[in-house]
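*Asks:* Make a model of the complete structure from these sequences and hints.
Residue strings, one per chain:
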Amino acid sequence: MTLQDIRLLLGGELLTLGIDLETECLKVFASDLMSDVLAFSEPGSILMTGLVNTHVVRTACLVDALGIIVVQGKRPDTAVVAEALRNRVPIIATGCSMFEACSRICRSLPGNRP
Amino acid sequence: MTETASFQQEFKVKGGDFSRGGEASCEIKNLLRDLGLDPHLVRRAAIACYEAEMNIIMYAWQGRLDLLVTPHRIRIIAEDKGPGIPDIKQAMREGYSTATPEMRELGFGAGMGLANIKKNTDTFRIRSKVGHGTRLELTIKTNGRKA
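Protein chains in written order, with my numbering: chain A, 1 to 114; chain B, 1 to 147.
You may find that some hints are simply not true.
[As the list claims (entries may be wrong)] Reference listing, derived: stretches of chain A covered by chain B, where coverage requires no fewer than 3 residues with Cβ under 8 Å from a Cβ of chain B: (1) 28-39; (2) 46-58; (3) 61-74.
Derived from the structure by calculation, the hints contain no laboratory data. Ideal Cβ positions, reconstructed from N, Cα and C, are used throughout, including at glycine.
*Replies:* Below, the structure is given as structure tokens:
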């Protein structure tokens with residue numbers, strides 16, 4: 001599954017225009033606690049969160065996350081998006097709740113499809 | 001210090017400056033990556049640096065991160081002037097936190113910081129004096145491992 005597949009699945013909008021979404025991703029780490037992201041996420045995960053501050057971008061960079069999904073219709077401000085662009089970290093914004101976004105991704109995984 | 005340094009740089013960190021929190025660690029990560037070190041080691045060093053940097057920002061008045069890279073290890077010293085830690089054993093316990101609501105709103109303060117620094121480093125030394133500050137001495141062995 002690529003980031004682009006996930007964007008379509010969540011009806012999401014790419015906020016960091018120009019960043020490639022064709023990267024394959026296999027793991028999602030969903031949390032609003034950056035402390036937990038730092039302690040427990042695996043490299044190559046997508047970070048899903050309801051937080052929209054610059055620390056989300058910095059945390060994503062430091063843990064080698066492939067991208068950020070911002071849930072619940074929240075939108076980071078332009079400074080945060082600019083920081084993500086500088087670091088080449090894609091941000092996708094979706095109106096889904098964290099639970100709904102995780103559910104949709106889970107249901108679309110091979111083996112879980114109806 | 002008898003080892004030959006390949007690279008050394010100091011980064012100042014200002015207590016309370018949440019908006020710049022993580023900048024030094026991102027810079028350190030980029031430097032380590034540009035030195036061609038193994039990405040797994042770079043990630044561990046970056047996480048340890050970020051936790052240490054945020055601890056300075058959240059709890060201390062001022063501090064610094066000192067990065068030294070030799071052919072066999074990455075050494076990070078995080079030193080601050082601040083209130084210090086009265087009970088290091090308690091502070092090391094996962095889940096123990098004295099974070100304020102402001103810190104929690106940013107996604108920090110889960111009480112994982114020091115334990116996570118220890119987890120991501122090969123040697124971990126901590127000294128603290130109440131009313132003066134805290135010093136962490138961390139190393140990650142690289143043994144010349146490149147990307």
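*Asks:* A separate judgement is required for each hint: does it hold in the structure or not?
*Replies:* Hint check results:
1. For the region 28-39 of chain A, the stated coverage by chain B is satisfied: 8 residues place a CB nearer than 8 Å to a CB of that chain, which reaches the threshold of 3.
2. Coverage of the region 46-58 of chain A by chain B holds in this model, with 7 residues showing a Cβ closer than 8 Å to a Cβ of that chain against a need of three.
3. Coverage of the region 61-74 of chain A by chain B holds in this model, with 4 residues showing a Cβ closer than 8 Å to a Cβ of that chain against a need of three.
When the structure is compared with the earlier hints, no violation turns up for any of them.
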